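All chains should be built: construct the whole structure from the sequences, respecting the hints.
Those sequence lines, one after another, are chains E and A.
In terms of our numbering, the first sequence opens at residue 1 and continues consecutively.
In terms of our numbering, the second sequence opens at residue 1 and continues consecutively.
These are calculated hints, taken from the structure and not from any lab test.
Keep in mind the model is a prediction, meaning the values are calculated, not measured.
Not one of these hints is a red herring.
Each pair of labels, with its calculated beta carbon distance range:
1. 218(A) - 137(E): 51 to 57 Å
2. 31(E) - 279(A): 20 to 26 Å
3. 96(E) - 13(A): 52 to 58 Å
4. 9(A) - 44(E): 53 to 59 Å
5. 91(A) - 198(E): 51 to 57 Å
6. 202(A) - 310(E): 52 to 58 Å
7. 175(A) - 311(E): 51 to 57 Å
8. 169(A) - 224(E): 56 to 62 Å
9. 118(A) - 204(E): 49 to 55 Å
Output of the computed footprint for chain A on chain E, the stretches with three or more beta carbons under 8 Å from beta carbons of chain A:
10. 226 to 239
11. 259 to 268
Think about it this way: if two alpha-carbon atoms lie no more than 30 Å apart in a straight line, the pair counts; the simulated DSSO-like pairs of lysine-lysine are:
12. 279(E) - 2(A)
13. 2(A) - 136(E)
14. 2(E) - 2(A)
Idealized CB from N, CA, C, for every residue including glycine.
Protein chains: 2
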Amino acid sequence: MKKLINRPDTFLEESLRGFAAAHADLLELDPRMRFLRRRQLNPGKVALVSGGGAGHEPLHIGFVGRGMLDAACPGQIFTSPTPDQIVQAVRAVDTGGGALLVVKNYEGDVMNFDMAAEMGGDRIARVLVDDDVAVKPAAQGFGRRGVAGTVIVEKMLGAAAEEGCDLAALERLGAHLVPRIRSMGVALKPCTMPALGRPTFELGPDEMELGVGIHGEAGVRRAMLMSADAIAAELLDAILAELPLARRTPVLLLVNGFGGTPMIELYVMAHAARLGLEKRGIAIARNAVGSFASSLDMAGCSITLAALDDGMIRHWDAPVETVAFRWGR
Amino acid sequence: MKKLINRPDTFLEESLRGFAAAHADLLELDPRMRFLRRRQLNPGKVALVSGGGAGHEPLHIGFVGRGMLDAACPGQIFTSPTPDQIVQAVRAVDTGGGALLVVKNYEGDVMNFDMAAEMGGDRIARVLVDDDVAVKPAAQGFGRRGVAGTVIVEKMLGAAAEEGCDLAALERLGAHLVPRIRSMGVALKPCTMPALGRPTFELGPDEMELGVGIHGEAGVRRAMLMSADAIAAELLDAILAELPLARRTPVLLLVNGFGGTPMIELYVMAHAARLGLEKRGIAIARNAVGSFASSLDMAGCSITLAALDDGMIRHWDAPVETVAFRWGR
Chain E
1 MKKLINRPDT
11 FLEESLRGFA
21 AAHADLLELD
31 PRMRFLRRRQ
41 LNPGKVALVS
51 GGGAGHEPLH
61 IGFVGRGMLD
71 AACPGQIFTS
81 PTPDQIVQAV
91 RAVDTGGGAL
101 LVVKNYEGDV
111 MNFDMAAEMG
121 GDRIARVLVD
131 DDVAVKPAAQ
141 GFGRRGVAGT
151 VIVEKMLGAA
161 AEEGCDLAAL
171 ERLGAHLVPR
181 IRSMGVALKP
191 CTMPALGRPT
201 FELGPDEMEL
211 GVGIHGEAGV
221 RRAMLMSADA
231 IAAELLDAIL
241 AELPLARRTP
251 VLLLVNGFGG
261 TPMIELYVMA
271 HAARLGLEKR
281 GIAIARNAVG
291 SFASSLDMAG
301 CSITLAALDD
311 GMIRHWDAPV
321 ETVAFRWGR
Chain A
1 MKKLINRPDT
11 FLEESLRGFA
21 AAHADLLELD
31 PRMRFLRRRQ
41 LNPGKVALVS
51 GGGAGHEPLH
61 IGFVGRGMLD
71 AACPGQIFTS
81 PTPDQIVQAV
91 RAVDTGGGAL
101 LVVKNYEGDV
111 MNFDMAAEMG
121 GDRIARVLVD
131 DDVAVKPAAQ
141 GFGRRGVAGT
151 VIVEKMLGAA
161 AEEGCDLAAL
171 ERLGAHLVPR
181 IRSMGVALKP
191 CTMPALGRPT
201 FELGPDEMEL
211 GVGIHGEAGV
221 RRAMLMSADA
231 IAAELLDAIL
241 AELPLARRTP
251 VLLLVNGFGG
261 TPMIELYVMA
271 HAARLGLEKR
281 GIAIARNAVG
291 SFASSLDMAG
301 CSITLAALDD
311 GMIRHWDAPV
321 ETVAFRWGR
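As structure tokens, this is what we get:
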């Protein structure tokens, strides 16, 4: 296993400590490491809290700060945070407006965030993100997975919360956003979990996995390596089949790296996706290219499209000050 | 070769087009792709121009914008830009204050930037960055390589230029900065050049290369995989041997990923470096963690230390608005 690591059992803790020390101006780490929280809270604002298994950085800890999350709970690698972690995070950042939990659709996360919501009282609501079109909604087990589209949900809800929306309005906005955001990914090389020490799945030297999840879950199909243009076409077709766009609806294009993919390749993919959308007559109003929802050291990428309306554009453009997203005034 | 790619011969062009389209608010790509330039110039300001072989993204194109570079010239992968490219870039962004070229110390870059400076007239000066302590100054060929420390030089010179420093003052500042910035890197996995299709060097499953360059050049020694703490200790010792710090001189710690290294590992390394500096009684006044000067898909990292003074801290903190660095107002 080739990693910058001391020991598997201290890997996450050391990384979180390194992260909190590097970004002490923006956030602070709970002494028992149950959550990272925004340093300056906004009294009365609805608290936005998310979390999930570690290994997807910057998701979620890199999105804690003004205009996005108030707290993020890191679980162990690829493992949901506990209900207790989530309750403690909510208590630390709820300044009177209640709390909205942003949850990716995985059985463990849903169970633990729901339990936390029950323990935390009636001023907690939940938004469930399930943007991965590689999984069919009902047919496969727990339904669609939440992947990189979560970043868009957190950005837009964060802007609305900062603007003063109450809990009920944010819950409605979440219900508006989630079905308008769809993703699909491809892996070129698998990831290696530190505790396991070997790849989570095997890929031949000429193979790739289409529709892979952010934990290296099996996808739609194993295929021979394809060109960037062909990958973009297949991902866009799959996404657009599940995201009917009204005429002239512009999109947000998010090209997400999985952790082991360099920037130069992500922009090749962004270029391919842009040409693919142009060919289909779809306008890109906003875009983001980078590693936002990673899968440890997996190589590959995902494409996310969000069908935009004016409110969503306004929420996307609103100021944000986090480790991974920082723009506006 | 597992890459998001169409063809090796169009790889760079497609990536540059994807990059320029994604960040059209900040910069624009010359139609003949000789350079990327800042969209809004600051009349009379000294123009800051850099460049070098592609494959190190975000260096240099991701640092074009307010407070850093006015233009960056991408050469082919790991190949210097041509003198003509550099002259055209200077002409496009020199608004009357002359131009300062930031050059990494490689034979091809030095030759081509020098030729451009001669062709461009007498209002062009040059700052040469040679921060890599893995190479001894005189003993090995062309001397020390310019690596991730270049980012710090570009940030601080960019702030000073924005503040109104003239060309002579910027040249003096460059001469002040360069000897105060030292780096060293380690590779866990080699990179693969698209045109070559195979790794630039070989590493066994339990091996790493200490002192590697950002083109995968051989380093100080091949070693068995070491822990993050041991790697940090060895890199810090090598850097500090060449960077004598006066008592109480604080440092800027930059932990740089090589392109194939996920964020969670970089923060483990940042934590290890922080503990290592604390043990040596050295205070970290500023820090940056991320992939800034990459080497295609190489896995591994480098550590850079800059011995700070008040002016350098002020220049580091000054507002910047680029793809890779964005802070301040």
